[in-house]
Amino acid sequence: MSRQKLLEVSESNETGDSTMGEVFFKRFTFNQLAQHWVMIGTFMLLVVSGMPLKFPDAWWSPVIINFLGGFGMRTQIHHAAGIGMVLLGIYHVVYHVFVDKESLLERNVWPTLKDAKDFWQTILFYFGKAEHPRFGRYSWKEKFDYWGAFWGMVMLCVTGLVMLFPFAAMEYIPYAYVHLATIVHTDEALLATLFIFIVHWWNVHYSPEVFPMSKAWITGNLSEEQMKHEHPLEYEEVMRQMQERDERLN
Amino acid sequence: MLSAGKSLCSLLKNKYVLVLVIAFFSLITTVSAQEDVSCYHCHTKVVSEFRNNIHYQKGFTCEDCHGGSTQPNATVISYTVMSGDFIGRPTRANITNVCSKCHSQEAKDYKKSIHWEQIAKGHPEAATCTDCHGIHEIRAISDPNSSSNHQNSPATCAKCHSNKEMMSAWYYGIKTDRFDTYKESFHWRALDKGYTLVATCADCHGNHNTKSHKDPESTTYPDNLPGTCGKANCHPDIKFDAKIAAGLVHDKESLHTGELVFNKSGMNPRMRDYFLGPFDLAYWIAIFFKILTTGVIGIFAGMVFLDFLSRLKIHRRW
Chain A
654 MSRQKLLEVS ESNETGDSTM GEVFFKRFTF NQLAQHWVMI GTFMLLVVSG
704 MPLKFPDAWW SPVIINFLGG FGMRTQIHHA AGIGMVLLGI YHVVYHVFVD
754 KESLLERNVW PTLKDAKDFW QTILFYFGKA EHPRFGRYSW KEKFDYWGAF
804 WGMVMLCVTG LVMLFPFAAM EYIPYAYVHL ATIVHTDEAL LATLFIFIVH
854 WWNVHYSPEV FPMSKAWITG NLSEEQMKHE HPLEYEEVMR QMQERDERLN
Chain B
218 MLSAGKSLCS LLKNKYVLVL VIAFFSLITT VSAQEDVSCY HCHTKVVSEF
268 RNNIHYQKGF TCEDCHGGST QPNATVISYT VMSGDFIGRP TRANITNVCS
318 KCHSQEAKDY KKSIHWEQIA KGHPEAATCT DCHGIHEIRA ISDPNSSSNH
368 QNSPATCAKC HSNKEMMSAW YYGIKTDRFD TYKESFHWRA LDKGYTLVAT
418 CADCHGNHNT KSHKDPESTT YPDNLPGTCG KANCHPDIKF DAKIAAGLVH
468 DKESLHTGEL VFNKSGMNPR MRDYFLGPFD LAYWIAIFFK ILTTGVIGIF
518 AGMVFLDFLS RLKIHRRW
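Respectively, the protein sequence lines represent chains A and B.
Quick note on this note's numbering: the first sequence kicks off at 654 and runs consecutively.
Quick note on this note's numbering: the second sequence kicks off at 218 and runs consecutively.
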């Protein structure tokens, strides 16, 4: 994504108002937002329809299954949402590798040495031993979120397809490996669920900084204040580029 | 008392009350007359159970199984009941003979089973007709309350097969975790939540003629598994080959006991491949995810907590 696209200035419609409108910073494209919405929808359906089977003896297991309309319906919901998530994963990789024009290596999403340093500095900050690290476009937490979801998608989609088509899978692998898929699938799903509900939701919902939520997942925008707080390095970079462009134009 | 008797008399003079009283007693008499199983007077509990029996509903009586001669509608049972061919309680080895009077094909099938093999060897506690079908309360197989109903099969088999004392008898030595390992399958998890179109014990192991999985004629003998899983109502039109046999449905010891089978010498090649391959892998995968999940969630939940604390200390971070 080119830098110019990062800044969207929505000018005030009110005539006679000479002050500039509020400035928004483009955080996610509509494409990315839509992917995230599909992800939310399929993920929640999968968690609700899958966890009663991971913990069949829990008191809430039959409650949820009855709520979903019985075991057969639970299975159909899980399979449909699962196929939706597989398609989303394929779309994501195909789009961002082949369609997106940006060079693969120059993306901000790759982990860097700075992220490791930031991670350590964040811990020091929590104990009052350091300043809070200043993040660029993606903080180490966001990168961990992304790659955690990426790894989880690969694991869950592959093992899920093996379990959805066990007899097709058995053309290539023994039955015992199909059984292994159930272990990998459910354990990985539990990890993903805990991570999303505890860590991701803290960062984007519960945290006093954003409570009740960061609206970036709906609008795709960050306010200038949010930008200065959460991504100061990116903010400075955008401002510098703006200035350069202005100077060039003048 | 006098006044009470007096009022009762005057009450009975009311003809509506009189009709009600007569109706009540005639009803009682009619109901009592339907106690046509004469043994009921002494064997109350047994006969009560028998009234739920499919045989009772089809018109059979006690003597059809127990022999002897009972006179229906007799109010007092005479000792002549126990005359003639009265057999009382058949011995466990003899139960089959009683049932085979009518169910000859089932008895013939049963006599090919490992259960009968054990009874014939002199171990009468091995399963016979009544252990699966019930004794006096034999219900139709299609009855959901029947112990032989498809969906009740796991609990019925578990009566003996989860019984440690029974299974550890030196001549059996059968594992008692069969139901527990079945519980980890999708078949059970679906069945447990009311989805009954799944395989239970008898669907794979057969019912009357169930055999050891080591018997080449058994439905669970490895070479026969493709046919067993590919039955018309289960997984038809699917290509099965030896790969289905490379996993043992119940055997998940490494996961189940949390112990690795380190000593693999003396195992047959199939078992050795099995434990060297995927099932030790299952153990390690489970450990891997335990560490990964507690590690990741522990570290990040800790960060969330520290993040929260840091907000208590300073109003604004930056």
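I should point out that these hints are in silico values taken from the structure, not numbers from a laboratory.
Don't take each hint at face value.
As the list claims (entries may be wrong) - With a cut-off of at most 30 Å between alpha-carbon atoms, the simulated BS3-like pairs for lysine-lysine come out as follows:
hint, chain 1, residue 1, chain 2, residue 2
1, A, Lys707, B, Lys400
2, A, Lys794, B, Lys507
3, B, Lys275, B, Lys325
4, B, Lys392, A, Lys794
5, B, Lys507, A, Lys796
6, A, Lys770, A, Lys794
7, A, Lys868, B, Lys275
8, B, Lys275, B, Lys328
9, B, Lys338, B, Lys275
10, B, Lys507, A, Lys770
11, B, Lys530, A, Lys707
12, B, Lys530, A, Lys881
13, B, Lys328, A, Lys707
14, A, Lys770, B, Lys530
15, A, Lys767, B, Lys530
16, B, Lys338, A, Lys707
17, B, Lys530, A, Lys796
18, A, Lys707, B, Lys448
Since the model is a prediction, treat every value here as computed from it, not as a measurement.
Comparing the hints with the structure gives:
1. Lys707/A to Lys400/B: holds, 12 Å
2. Lys794/A to Lys507/B: OK: Lys794/A and Lys507/B at ~22 Å, within 30 Å.
3. Lys275/B to Lys325/B: Roughly 23 Å between the alpha carbons, so the hint for Lys275/B and Lys325/B holds.
4. Lys392/B to Lys794/A: violated, 49 Å
5. Lys507/B to Lys796/A: Holds: Lys507/B and Lys796/A sit about 23 Å apart, inside 30 Å.
6. Lys770/A to Lys794/A: holds, 12 Å
7. Lys868/A to Lys275/B: With Cα atoms ~71 Å apart, Lys868/A and Lys275/B exceed 30 Å; violated.
8. Lys275/B to Lys328/B: holds, 26 Å
9. Lys338/B to Lys275/B: Not satisfied, since the Cα-Cα distance of roughly 35 Å exceeds 30 Å.
10. Lys507/B to Lys770/A: Given that 30 Å is the threshold and the Cα spacing comes to 27 Å, the pair holds.
11. Lys530/B to Lys707/A: Answer violated: Lys530/B to Lys707/A is near 40 Å, above 30 Å.
12. Lys530/B to Lys881/A: holds, 21 Å
13. Lys328/B to Lys707/A: Distance ~41 Å between Lys328/B and Lys707/A Cα, so the pair is violated.
14. Lys770/A to Lys530/B: holds, 23 Å
15. Lys767/A to Lys530/B: holds, 26 Å
16. Lys338/B to Lys707/A: The given pair, whose Cα atoms are some 44 Å apart, is violated under the 30 Å limit.
17. Lys530/B to Lys796/A: Holds - the C-alpha atoms of Lys796/A and Lys530/B are around 27 Å apart, at most 30 Å.
18. Lys707/A to Lys448/B: holds, 28 Å
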